[in-house]
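Asks: Under our numbering, the sequence shown has 416 at position 416, and the numbering climbs by one with no breaks.
FYI, nobody ran anything at the bench for these hints, they're computed from the structure. All figures in this text were calculated on a predicted structure; none of them were measured in a lab. Heads up, the beta-carbon is just placed ideally off N, CA and C, and yes, glycines get one too. Keep in mind that a hint or two might mislead.
Heads up, simulated DSS-like pairs for lysine-lysine below, C-alpha to C-alpha not over 25 Å straight-line [to be verified]:
hint, residue 1, residue 2
1, K412, K230
2, K354, K371
3, K192, K168
Okay, the calculated beta carbon distance ranges per label pair [unchecked claim]:
hint, residue 1, residue 2, range
4, V393, D501, 18 to 24 Å
5, F300, L391, 48 to 54 Å
6, R508, L391, 25 to 31 Å
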Amino acid sequence: MELCISSTSPLSSNPSRFLDSISCKASTSTSTALPTLSLQFQHASFGPRILSSPPARTHRLRQPLSSSPSNGRRFAVSASSVAVAPEKDRLPADIEVTEVQEPNSRVRLSVEVPPVVCEDCYRRVIKEFMKQAKIPGFRPGKNVPESILLSYVGKQNVQKATVESILKRTLPHAMSSVSGQALKDSVRIVTKFSEMENTYISLGSLRYDVIVDVAPEVKWIPEDGYKSLKIVVEIDSEIDAQRACQQELRRRHKSLGTLRIITDRGLQIGDVVVLDISATTIDQDESNVKNIPSAESKGFHFDTEDGDKLIPGFLDSIIGIQRGETKSFPLFFPDNWNQENLRGVHAQFTVECKELFYRELPELDDLLAEKLLPGCTSLKQVEDSLLQRCLEVEQTAKDQATDNAILDQLSKMVEIDIPRSLFEEQGRQFYGAQLLQIQANMKLNEQQLASLSSPKAVNEYLENQKENITHVIKQNLAVGDIFRRENLRFSTDELVKEVEDSIAEFKRHKQEYDEERVREQVQEILEGAKVLEWLKERAEINYVTR
1 MELCISSTSP LSSNPSRFLD SISCKASTST STALPTLSLQ FQHASFGPRI
51 LSSPPARTHR LRQPLSSSPS NGRRFAVSAS SVAVAPEKDR LPADIEVTEV
101 QEPNSRVRLS VEVPPVVCED CYRRVIKEFM KQAKIPGFRP GKNVPESILL
151 SYVGKQNVQK ATVESILKRT LPHAMSSVSG QALKDSVRIV TKFSEMENTY
201 ISLGSLRYDV IVDVAPEVKW IPEDGYKSLK IVVEIDSEID AQRACQQELR
251 RRHKSLGTLR IITDRGLQIG DVVVLDISAT TIDQDESNVK NIPSAESKGF
301 HFDTEDGDKL IPGFLDSIIG IQRGETKSFP LFFPDNWNQE NLRGVHAQFT
351 VECKELFYRE LPELDDLLAE KLLPGCTSLK QVEDSLLQRC LEVEQTAKDQ
401 ATDNAILDQL SKMVEIDIPR SLFEEQGRQF YGAQLLQIQA NMKLNEQQLA
451 SLSSPKAVNE YLENQKENIT HVIKQNLAVG DIFRRENLRF STDELVKEVE
501 DSIAEFKRHK QEYDEERVRE QVQEILEGAK VLEWLKERAE INYVTR
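Please model the entire structure based on the sequences and the hints provided.
Replies: As structure tokens, this is what we get:
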């Protein structure tokens with residue numbers, strides 16, 4: 001019932017590793033479907049650690065490109081100075097590349113391949129076809145007149161293969177200017193293959209455009225402002241150890257009591273009541289009145305000592321209600337209500353009292369200690385043990401609130417032109433983790449899972465959660481930038497131990513894992529922990545209770 005207040009990483013310098021994954025055809029957008037959900041999101045976190053949300057691999061991005069004029073810059077890529085593959089393939093001439101900076105940390109590379117390079121690729125393709133083609137009347141691997149080969153293989157097939165060869169050989173050279181900065185899986189050739197083929201056939205040369213997302217630059221406002229943070233941390237009064245200890249002791253005491261039916265009076269503070277609750281919106285035009293399903297409940301067990309957890313005014317409105325009685329009253333959902341669609345809503349509640357009980361509690365003394373907390377022999381021992389537990393919870397919550405406040409402040413101090421591919425990866429990780437949770441709770445069938453993991457569903461999530469996703473990315477990039485700027489380090493022993501512990505946890509739960517990905521995530525967590533530790537040592541932190 002809703003009445004309660006409740007990686008993306010740099011490409012390898014070896015371009016041959018990513019050539020096969022690059023599309024040569026025009027593409028309007030990056031796919032956002034989740035076709036292999038059960039495998040894609042199985043390593044969401046390592047437990048209640050800082051930065052435990054599925055992290056984008058952004059902390060180790062290298063220095064981004066310096067800004068350049070909007071009309072682009074032209075440069076020649078030397079055919080002899082770039083090692084583009086293990087076999088050190090060289091081009092017979094230089095290609096010309098025009099680089100233009102675009103929004104969202106994207107770079108457009110316009111590539112012009114001269115005829116001499118295209119001819120060299122053509123000759124290689126012909127040679128390869130001669131090796132593989134089994135032409136009647138000619139021994140395999142022997143030279144075949146070019147006209148006969150073209151007639152047998154098909155001239156159009158040779159032209160297509162030549163264009164593909166040109167792309168495969170020249171793309172690593174064209175990408176050399178963004179080597180170490182390009183984000184994995186973000187490289188796309190946007191020129192249509194048919195256009196490239198027509199250019200090659202008519203001119204003997206080739207032109208094509210490549211777009212690639214690069215590591216975004218982190219701009220601090222003010223510069224080095226993170227070195228002297230002033231943080232105000234709000235602590236919820238409910239985590240106060242002394243208060244929490246007394247509440248827990250009271251809860252345990254009540255659990256040992258007996259509920260007795262009330263027949264001769266109405267509801268009082270301390271009683272337990274069973275209610276049927278319904279609610280509608282309030283509107284002068286009755287045709288606009290609507291039910292509020294999330295505020296409705298049948299057989300709702302309500303302990304009046306928990307009245308502060310309900311919508312303001314609800315408890316006061318039902319005090320005195322008797323068994324079988326119905327009350328109707330208006331209430332207002334406050335602007336800070338958890339459920340956003342109910343904030344500021346005026347509602348008419350109707351409540352029927354089904355059952356009414358009072359508690360008959362045993363005397364709270366040393367004789368009850370063992371039942372309150374096994375192993376304890378006195379009430380003081382119970383209170384001391386509960387207080388110690390609550391102090392630990394309070395400190396953990398305080399530390400987490402401090403970390404969150406620092407991260408929130410960092411995200412407000414940086415300007416980052418976030419690449420679309422990085423945004424989509426982070427968003428898909430969040431959505432995948434959420435979907436796995438839904439699947440675990442509701443046991444979705446294949447059709448429901450397919451619907452929720454469709455491109456449409458994922459894109460809707462990305463749009464609805466854009467602010468939150470952007471906020472987290474800025475936090476992660478800011479943390480990674482500080483880690484590099486301040487030359488922070490953690491020991492190899494720490495990394496090895498954390499990786500081993502994490503893998504042991506996966507094995508204990510009989511879950512599949514990717515050891516390399518586990519290592520990456522652990523490294524990011526350790527980086528985050530070091531940065532937060534460094535920042536807290538230098539920050540001015542004030543705590544306020546809300």
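Asks: Each of the hints needs a verdict: does it hold here or not?
Replies: The hints, checked one at a time:
no.	hint	verdict
1	K412 / K230	holds, 13 Å
2	K354 / K371	violated, 31 Å
3	K192 / K168	holds, 15 Å
4	V393 / D501: 18 to 24 Å	holds, 23 Å
5	F300 / L391: 48 to 54 Å	violated, 34 Å
6	R508 / L391: 25 to 31 Å	holds, 29 Å
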